[in-house]
Amino acid sequence: MPTDVHVVYEDVRKSYDGSTWVVHGLDLEVHRGEFLTLLGPSGSGKTTCLMMLAGFEAATEGAIRIDGESVQDLPPDKRGIGVVFQNYALFPHMTVAGNLAFPLEVRGMAPAERAERVERVLRLVRLEGMEARRPAQLSGGQQQRVAIARALVFEPELVLMDEPLGALDRRLREEMQYEIRRIQRELGVTVVYVTHDQQEAMVMSDRVAVFNEGRIEQIDPPEVLYEEPERAFVARFIGENNLLHGTVLGLRDGFCDVDVGGIAMRAACIAPLKVGEPTTLAIRPERVGVGDSPDRYANDFEATVDDITFLGDHLRVNLSIGEIKDFVAKIPNVTGQGGVLEGDRVRLGWAALNCRALEAVAEVPSPQ
Amino acid sequence: MRPASDRAARRLRAGGLALPLVAFIFLSFLAPLGNLLTRSVHEPVVADALPETLRALEGEWSGGLPPDAAFDAIAHELPVARETRQIGPTATRVNRRESGMRSVIVKTARRVARLESRAQAGEPWRQLLPEIDEAWERPESWQAIRAAGERFTDRHYLNALDLDRDANGDVVRQPPERRIYVALFLRTLVVSLGVTVLCLLIGYPLAHLIANASAGTSRMLLLLVLVPFWTSLLVRTTAWIVLLQQQGTVNDLLVWIGLVPDDARLSMIYNMTGTFVAMTHVLLPFMVLPLYSVMRSIPNVHMDAAASLGANPTQAFVRVYWPQSLPGVAAGSLLVFILSIGYYITPALVGGQSGQLISNMIAHHMQTSLNWGLAAALGGVLLLAVLALYLIFDRLVGIDKLRLG
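Line by line, the protein sequences are chains S and U. Residues 1 to 368 in the numbering used here are what the first sequence lists, from first letter to last. Residues 1 to 405 in the numbering used here are what the second sequence lists, from first letter to last.
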């Protein structure tokens, strides 16, 4: 698929106080019609990036281009970008229809056309018949829909959303995730979406940019991020990973042998590692076989079961492999019986491909 | 679940705690207000001092003068009133109806005793009283006594509105040279509106600045607004005199710069300008504080939202910010307006002749002319005017939209 570039960040830097960078040299391309999520813990610079694109913040250095044009000197009201804010920012003194007509009014649209557009967008977000209500009379989910409708009613090609679902309860949030995705597909607009919820990012996005301390750690489609994390931060942030710290013993054909506290493991070598260098291994708990025929795996150990948690569709097992404590494995609940008990000695194994040797981190920053 | 009687007892106890407040409001607010409003229509002094005379004055008079009984009664009652020290207030009240009657009554009360023997000898008081003062031969004098003898009167209210009753009892306007109060009410209204508008013009940007500044700056600015608020009103007003008088700081500065020639220094105080400047300064916090409180509750993101929707800064302000700040504008304006309509000390100190307001006239009648009835009536009219404005405000803006803090 040929990609049409819509928005470009070129080495964008942002500092509020002149000494600390909130955003370091950001390079990012947003494709036309794509749903791109900026994912990261709070304070990672993702919202600042969004606000610079919206025009509420100015980049300290670098340039942001929309359709090839630098927007450096363009005030927010001239950018024609729809923005959905964290707490909706609906105008409390206007009705729903008033809120939705506002962007059309300031553009000088005729009342008849305005009414027609408002009606159409209300249908799009499934809020027909709510025109005369005030925001305070709506539920959180309905307010959210109005906020989205308002950002879309003037038909922008680019819509920015800043944690729009943060204030909603879990069920409503999940419902709205699919709703926003549906609307985005229906209209074909480009959406840049900010969230700290990786689940949300996975559900909605075409691509996810994982932010950490003002930098993008990795930008990829959700399944690639999950399957092939390139950085320890991403491995920790997206889904769950066992992170083990070790030293590289040897390298061969893209694989490496790693010494983890006296235990040798085979891993796929992702970071550019050399022999003798420290590394961090990432192993997904669901890719660990417990009590399986061990010859299938390059990594095969004896372990002690410390704790078992029943979670419906799977069992979550905490194990000790020698000195390595709190190693987590997930056993799918296929038979209805876990087959392991606390205190059991079990065989444990995983394929070298499912064990990714990443750059070493002393302490992996925990999400949130 | 507590038994009902227990809960009732608790409620009673809780109510009991509010008793001091209820008593305080009654004693310091409702009672004086009621007393004053009563005074504006109830004037029993003359009626109590001269009951027989007033009874004799009832009915038809033949030949313009009252019947003999009235002369007899007043000759009897005036010395009594003198002994009970009621003669002064009585004379004052009659005098308000007919100029010169004060001395006539006081003199008569003093001299009646000397003529007592001739009256005993059979000479009628109808001939004796005119010997003391020929005013007793004029029907106007007696009409004045009769008018002053009414216990309940609308006179003070008519007076407060520059109206009067003519000989037939019809309501007519006062002669032009005696019309002062309506003009004064209007001036008070204009000054109050002007001060309110000035406070709003100065206070709105200031409140916006305070509401949107960083925490430290905002605290400091708020302090700057509040410090004058905590300073004595007298000190602040006097400071304006120092600044604005002919040989004051501002004039000196203007002369020094050369903007104003030394022989034509501006008169900025002891006139309307002084009243405006000092009142606006004194009342500004009452505008800034409610505005600030409302503006602080308007999320900044609303302006961002308006901009993202394509509104330029002016449109965003007019359509999004201003309507949301209206409760503060309304509260501040109402507060400043109502305070300034009853303002007294500042105009008295810096207003000179042309800068006096209705409250200064009320104070004059309370303290100098001792016409408490008229003072009360002027206060009553003021109260009614404020209530009327309050109702109009409620109809236009809605009192429930007020946000005082």
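It is worth saying that the hints were derived from the structure and are not from the lab. Any given hint could be a false lead.
To be verified - Label pairs and their calculated CB-CB ranges:
#1 A31(U) with N87(S): 22 to 32 Å
#2 N87(S) with I392(U): 35 to 45 Å
#3 A18(U) with A58(S): 26 to 36 Å
#4 A132(S) with V172(U): 39 to 49 Å
#5 E157(S) with N300(U): 50 to 60 Å
#6 A115(S) with L19(U): 55 to 65 Å
#7 G25(S) with T217(U): 27 to 37 Å
#8 T238(U) with T20(S): 28 to 38 Å
#9 L74(S) with L233(U): 35 to 45 Å
#10 G25(S) with L396(U): 48 to 58 Å
#11 L74(S) with S267(U): 49 to 59 Å
#12 R236(U) with A112(S): 34 to 44 Å
#13 T38(U) with A132(S): 21 to 31 Å
Claimed, not checked - Pulled a few chain U residues facing chain S out of the computed Cβ check, cut under 8 Å:
#14 G63
#15 L65
#16 D304
#17 A305
#18 S308
#19 G310
#20 A311
#21 Q315
#22 R319
#23 P323
#24 Q324
Unchecked claim - One-sided excerpt, in silico: chain U residues whose CB lies under 10 Å from chain S:
#25 P79
#26 V301
#27 P313
#28 A316
#29 L326
Note that beta-carbon positions come from the ideal geometry of N, C-alpha and C, so glycine has one too.
Now for the hints, and whether the structure bears them out:
1. Our hint of 22 to 32 Å for A31(U) and N87(S) is violated, since their Cβ atoms are close to 51 Å apart.
2. About 37 Å separates the C-beta atoms of N87(S) and I392(U), a value consistent with the hinted range of 35 to 45 Å.
3. Here the CB-CB span from A18(U) to A58(S) is close to 57 Å, at odds with the stated 26 to 36 Å.
4. For the pair A132(S) and V172(U), the beta carbons lie near 56 Å from each other, so the given range of 39 to 49 Å is not met.
5. At about 27 Å, the CB distance of E157(S) to N300(U) disagrees with the hint of 50 to 60 Å.
6. One distance hint, 55 to 65 Å for the beta-carbon pair A115(S) and L19(U), holds here, with the actual separation near 59 Å.
7. Between G25(S) and T217(U) the Cβ separation comes to about 33 Å, which falls inside the hinted range of 27 to 37 Å.
8. At about 52 Å, the beta-carbon gap between T238(U) and T20(S) misses the expected band of 28 to 38 Å.
9. Evaluation of the 35 to 45 Å hint for L74(S) and L233(U) yields a failure: the beta carbon distance comes to about 52 Å.
10. As the Cβ distance of G25(S) to L396(U) is approximately 57 Å, the hint placing it in 48 to 58 Å holds.
11. Hint check: L74(S) to S267(U), Cβ distance near 53 Å, so the stated range 49 to 59 Å holds.
12. The supplied range of 34 to 44 Å is broken by R236(U) and A112(S), whose beta-carbon atoms lie about 58 Å from each other.
13. At roughly 52 Å, the beta-carbon separation of T38(U) and A132(S) lies outside the given 21 to 31 Å, and the hint is violated.
14. Hint on G63(U) is violated. Least Cβ distance to chain S is approximately 76 Å, over the 8 Å limit.
15. This hint is violated: L65(U) has a C-beta 73 Å from the nearest C-beta of chain S, more than the 8 Å allowed.
16. Given hint, D304(U) at the interface with chain S, holds; its Cβ is 5 Å from that chain's nearest Cβ, closer than 8 Å.
17. At about 4 Å, the closest approach between the beta carbon of A305(U) and any beta carbon in chain S falls short of 8 Å, and the interface hint on this residue holds.
18. Interface restraint check for S308(U): the shortest CB-CB distance to chain S comes to about 4 Å, inside 8 Å, so the restraint holds.
19. Because the closest C-beta pair between G310(U) and chain S is about 5 Å apart, less than 8 Å, the hint holds.
20. This hint holds: A311(U) has a C-beta 4 Å from the nearest C-beta of chain S, less than the 8 Å allowed.
21. A cut of 8 Å between beta carbons decides the hint on Q315(U): the least distance to chain S is about 5 Å, and the hint holds.
22. A cut of 8 Å between beta carbons decides the hint on R319(U): the least distance to chain S is about 7 Å, and the hint holds.
23. With a least beta-carbon distance of about 5 Å to chain S, the hint placing P323(U) at the interface is held under the 8 Å criterion.
24. Against a cut-off of 8 Å between C-beta atoms, the interface hint on Q324(U) holds, since the closest Cβ of chain S lies about 6 Å away.
25. The closest approach between the C-beta of P79(U) and any C-beta of chain S is roughly 74 Å, which is over the 10 Å cut-off, so the hint fails.
26. A hinted interface residue such as V301(U) counts as satisfied when its beta carbon comes closer than 10 Å to some beta carbon of chain S; here the least separation is about 5 Å, so the hint holds.
27. Among the interface hints, the one on P313(U) holds; its C-beta lies about 8 Å from the nearest C-beta in chain S, closer than the 10 Å criterion.
28. With a least beta-carbon distance of about 8 Å to chain S, the hint placing A316(U) at the interface is held under the 10 Å criterion.
29. The interface hint given for L326(U) is met, as the beta carbon of that residue sits about 8 Å from the closest beta carbon of chain S, less than 10 Å.
Hint compliance for this structure: hints 1, 3, 4, 5, 8, 9, 12, 13, 14, 15, 25 are not met, and every other hint is.
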